[in-house]
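Residues per chain are reported as follows:
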Amino acid sequence: MTAPIRTLNERVGLRKAVDQRDPAELGKELHAFAAQLYPICRSISGEGIRQTLELIGERIPLRKFSVPTGTQVFDWTVPKEWNIRDAYVKDSSGRRVIDFQKSNLHVLNYSTPIRASLALSDLKSHLFTIPEQPDRIPYRTSYYKEDWGFCLSHNQFLDMHEGWYEVCIDASLDNGVLTYGECYLQGQTSDEVIISCHACHPSLANDNLSGLTVATSLAKLLSECDRRYSYRFLFIPGTIGAITWLARNQDAVGRIRHGLVLTCVGDAGGFHYKKSRRGNAEIDRAAEHVLKHQAEPFSILEFSPDGYDERQYCSPGFNLSVGCLMRSVWGRFPEYHTSADNLDFIHPAQLAGSLRLCAAIFDVLENNRKYRNLNPFCEPQLGRRNLYRATGGDAIGEEISARLWVLSLSDGEHSLLDIAERSGISFPRICEAAEQLREGGLLASI
Amino acid sequence: MTAPIRTLNERVGLRKAVDQRDPAELGKELHAFAAQLYPICRSISGEGIRQTLELIGERIPLRKFSVPTGTQVFDWTVPKEWNIRDAYVKDSSGRRVIDFQKSNLHVLNYSTPIRASLALSDLKSHLFTIPEQPDRIPYRTSYYKEDWGFCLSHNQFLDMHEGWYEVCIDASLDNGVLTYGECYLQGQTSDEVIISCHACHPSLANDNLSGLTVATSLAKLLSECDRRYSYRFLFIPGTIGAITWLARNQDAVGRIRHGLVLTCVGDAGGFHYKKSRRGNAEIDRAAEHVLKHQAEPFSILEFSPDGYDERQYCSPGFNLSVGCLMRSVWGRFPEYHTSADNLDFIHPAQLAGSLRLCAAIFDVLENNRKYRNLNPFCEPQLGRRNLYRATGGDAIGEEISARLWVLSLSDGEHSLLDIAERSGISFPRICEAAEQLREGGLLASI
Amino acid sequence: MTAPIRTLNERVGLRKAVDQRDPAELGKELHAFAAQLYPICRSISGEGIRQTLELIGERIPLRKFSVPTGTQVFDWTVPKEWNIRDAYVKDSSGRRVIDFQKSNLHVLNYSTPIRASLALSDLKSHLFTIPEQPDRIPYRTSYYKEDWGFCLSHNQFLDMHEGWYEVCIDASLDNGVLTYGECYLQGQTSDEVIISCHACHPSLANDNLSGLTVATSLAKLLSECDRRYSYRFLFIPGTIGAITWLARNQDAVGRIRHGLVLTCVGDAGGFHYKKSRRGNAEIDRAAEHVLKHQAEPFSILEFSPDGYDERQYCSPGFNLSVGCLMRSVWGRFPEYHTSADNLDFIHPAQLAGSLRLCAAIFDVLENNRKYRNLNPFCEPQLGRRNLYRATGGDAIGEEISARLWVLSLSDGEHSLLDIAERSGISFPRICEAAEQLREGGLLASI
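Taken in order, these protein sequences are the chains called A, B and C.
Going by the numbering used here, the letters in the first sequence line up with residues 67 to 512, in that order.
Going by the numbering used here, the letters in the second sequence line up with residues 67 to 512, in that order.
Going by the numbering used here, the letters in the third sequence line up with residues 67 to 512, in that order.
Errors might be hidden in some of the hints.
Because identical chains share one entry, a pair is satisfied inside a single copy or across any pair of copies.
[Unchecked claim] Listed next, the in silico SDA-like pairs over lysine to any residue satisfying Cα-Cα at most 20 Å (straight line):
id, residue 1, residue 2
1, 358, 461
2, 156, 383
3, 82, 358
4, 436, 383
5, 168, 140
6, 436, 370
7, 156, 431
8, 211, 450
9, 94, 212
10, 211, 451
11, 211, 460
12, 156, 512
13, 156, 220
14, 286, 335
15, 130, 162
16, 211, 449
17, 168, 248
Because the hints were derived from the structure by calculation, they are not lab data.
This one's a predicted model, so the numbers in the text were calculated from it and none came from an experiment.
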């Protein structure tokens, strides 16, 4: 069975589908899902990420994969699985001065288990604070070097007096599995768009519950539409997850036409789109075009080999066309990787706005095609096809201008996105013009 | 017989020929010709355009062509011929409240004949005004949808009281011909430059009597010079004229190397050159270079598929190297397509300045060649050829600098225009340097 | 015997070698050498340039070449040799009102001998002054037109009363030789870098004793290092020297990979690097990169066919990748070619800074290579190679960033300079990262 091809008005409709929802309600839904995920202590393996995938799987079809500890993935090895039940530092009076139950950021993520009594002087080298932000707990990890530690606010640290402390990290670091989830939506072609989110950070809202919730909604939305492309949503542990996925799917990456890493899309900042390593991939151009034709402030960032999992997708052996969409940029906002990246830091309206933006980008990818002007010698007479204004002499509007642009550049060389870029007219308007001209017999799809 | 090749001083001489005339007198001549053409009620067919071609033909050799109604030209059909004798709207007292004899803009151009008595309420849908410019009569047309109407100032309209009006348009719309004129000037080669002007607008001065008069003078000037290129001046009805010409000359357009649409070149605004669809054609670069080296303000506009007959010449099937020279840009000045685009709106000095600019552009096209430095290893000793200053140690002037640039870049890859662009030195100066070096045996034409 | 390949820390070490010297002392040394050369009356041939080469030869290995008068070199002929012993203009009281012994600029360089008694009115046409700078003696030459003359300050000229003057130029202009010097430093390959300085100007400090002294020190420095490239330093008379050298080495210029003309590098102005005719040669990019990553103000100038001996190296038949490094640009500073370009006009710190800049540029050329990432699929695990930070969660520094950039772009297409340009990280840092990755087995030289 071949999938029915939707008419254009339906096809540029992913953003329209978003717009049919009440934005306030949509934002609330996204934020509520983030709130549900927030308390879970996630890491790159273990129960936390499994619970997270469970909750995502309640919303969209999700297939989970488990990869055993010790599996070689390119230059890396899947690490032991980490699980934690409790952790604290008690003072001599038995009071928990650092308590994992209050915030899962308090434990150095991937800490080895420990039970010991230590003088403060010996404990200090295992304590992490941010003196410049004395009220905030930092988020720190030690995945690949076995170590243990506690993170706490600098003020908390200053309150700790000399003396002996009881230290407990009730965790396990044993052979187990690395877990990730895939939501695959088959389209008309097997050409694929991947959307990748890291799902390994504990109670941090913008980085990256925002990405998880927006991606989940996007998958839901796409699952209800006809799709030219197949879409694969990856909910994976950062770095090791992307590397593991690529190692296990090395032969299949040739299907990937476009990709997007989604993260930090819930805060109040303007958009930042970081280009793929290629720099002029269709996803890069689609994202920039859509950003130019919307109202929020934005910046386009050139590719750099630091950041999120685009690092792996864009590594030189793969060099995939994968960009990264953010609002505030990792490392550049003071709440980054601290306890201040909490549920107050992300906003319903911003989450909904990010969803809408992604929808508009995918609308471009879905509908970007080349057409051939069937009447390339001089303009066709649009008037007798009701595609022009009847009385001459006054100005023509953008609607007619879009038709003239499509006719002028549909020479087999220019895609609709090319035409949108060169004309300065928004992609949906160009797309609509192309459809009208096609219906009028003036244009053929190539 | 091979045509004699002029020496350089003669060859960069089109602008020089203009400069030998008294600018005030030249401007007056151009304006006087516009004044002579102004009263005629032109349209895309009929007596008006034939009279216009007659007057142009008194000044330059002009061949007229007639194409019968009904002829298929690409996607279009040559329309019926329109002629008008009189038109008015009389109020109940018999007073002509709208009178074609006062301004031929008063009639919707291409109106079908009508004689009727109508209540104002029924008449209203046939009346066109510009409320934002209440003193001006708009120019409106209905070439391809049979209709009738009157154009009037909004103040005039507000003065019309309820009641009955006698409406008369004494026009005919019958089988006939579409007429256009060509002035062809054979050059040393059959490679061709076309200059195209629409000759179909009634009493509108800038759009496009300015273009007609400047083009006529240019043709006169060129007819008196040796020409490398052949020149073809087209005086045609807008849109349908260009389409008709292209349809009848489809096999011959391969000869066209460069082209220019001339319109709106008489008002007080700075120059606007709109690039061809190719965007970097030689005419585009020549026009930009000349504009940079003259004193009036100017802007370079990217190609867009709206505008004048460059729309047809640059349609994707032809994609000719045709740009458009204007002063104020159509649709962007308030007088556009209103009765305020009258003989006061165009100025002798501006008409003469436009003529001079065109001359300079054609000087570039005529003289742009590639040369080969016959002494490419190190500089030749210019001093012993009297092409350098004798005493060393002080600065060299632009004259010597131009020679060094020509020598440096005459490697078979760079044309004189390339050299002028890269050096920032004006084309005539570069051209003069090339001629001196050629005479000095240091350069050979390729 | 193959030359040992230095380790990286040694190899980006030309600038480091400069930095190991006390800058004040280094500057003093350079200035002292300029002071030693200053009094000599140099010209494009004769004893002055031979003495100059003698003094340079005391510091670095220098081979001298003599080319007889009358030798044809491309379009030019090696001129007669000029030597001068004394010159003066005496007034009627026997006082030397113009005296070569006080400044060798007083004589029009290459003056023919004369002994005569002349009225001031007849003498005037042989006197050169700069009325706009009345205190300064101009530097003027007449190499290729036999003439004699005196240069003097305009104030001096105004003091000369009507009357008779005894004129003497005790010079000779006879068959002889044109002399130049080469310092050739063989490197690991015969691919060559040329550094060219004109050595023909008399008592002018910036133009070009600054170039001679910096080049001499550079040659000394390079002679003490392992070199990938062979280096050839040319100390030659301007124009005719470069033409002569090119004529005699025409078959060997294919070895030249990069080149630099050094002049006016001692004054207080910011740097100016003038690009080669190619415009994007490796030397052009290396110079621009180094200039961007140092503290002094600078400008990049596009190529033009005037200037110094880059005129000859970049002539279209050769089109070598030779740029020109200056501080203030010839002809644009008022002291240019006047007696004010003296030893006070050049400064020890500026001479040392220019040397340091050249060293940094050559460090780029020496170390610019392409590498291949041996682990191109995903990032390699830098952590277990001690090339990453151990605790995750906080920012990565430029050191790690440089490694990620090198890995990302070492796909066989990008050189280290490409990577430095794209990342915005300085070349030495990129180079260091490449070496660490190579040592870590992650990168192979191509």
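Hints and how they fare:
For the identical chains of this complex, residue 358 and residue 461 are neighbours neither inside a copy (25 Å) nor across copies (30 Å), given an alpha-carbon limit of 20 Å. For a Cα distance limit of 20 Å, the shortest separation of residue 156 from residue 383 qualifies neither inside one copy, at 50 Å, nor across copies, at 82 Å. In this assembly of identical chains, the alpha carbons of residue 82 and residue 358 lie at most 20 Å apart only when taken from the same copy (18 Å versus 47 Å across copies). Taking the shortest alpha-carbon separations for residue 436 and residue 383, only the inter-copy value of 16 Å comes in at or below 20 Å, while the best intra-copy value is 30 Å.
In the homo-oligomer, the alpha carbons of residue 168 and residue 140 never lie at most 20 Å apart, since the shortest distance is 38 Å inside one protomer and 78 Å across protomers. When the C-alpha separation of residue 436 and residue 370 is checked against a cutoff of 20 Å, the pair qualifies only between copies, where the shortest distance is 19 Å, while the shortest distance within a copy is 31 Å. For a Cα distance limit of 20 Å, the shortest separation of residue 156 from residue 431 qualifies neither inside one copy, at 56 Å, nor across copies, at 60 Å. In this assembly of identical chains, residue 211 and residue 450 lie within 20 Å of each other by CA distance solely across copies; the values are 8 Å between and 74 Å within a copy.
In the homo-oligomer, the alpha carbons of residue 94 and residue 212 never lie at most 20 Å apart, since the shortest distance is 40 Å inside one protomer and 57 Å across protomers. Taking CA atoms no more than 20 Å apart as the test, residue 211 paired with residue 451 passes between copies only; the shortest distance there is 12 Å, against 71 Å inside one copy. Taking identical chains as interchangeable, the C-alpha atoms of residue 211 and residue 460 lie at most 20 Å apart only when they sit on different chains, with a minimum of 16 Å there against 73 Å within one chain. In this homomeric assembly, residue 156 and residue 512 never come within 20 Å of each other (Cα to Cα): the closest approach is 71 Å inside a single copy and 58 Å across copies.
In the homo-oligomer, the alpha carbons of residue 156 and residue 220 lie at most 20 Å apart inside one protomer (17 Å), although the nearest pairing across protomers, at 88 Å, exceeds that limit. Taking the shortest Cα distances, residue 286 and residue 335 never come within 20 Å of each other, neither inside one copy (25 Å) nor across copies (56 Å). In this assembly of identical chains, residue 130 and residue 162 lie within 20 Å of each other by CA distance neither inside one copy nor across copies; the values are 37 Å within and 85 Å between. Proximity of residue 211 and residue 449 under a CA criterion of 20 Å is satisfied inter-copy only: 9 Å between copies versus 73 Å inside one chain copy.
With identical chains, the CA atoms of residue 168 and residue 248 are never at most 20 Å apart, being 32 Å at best within one copy and 77 Å at best between copies.
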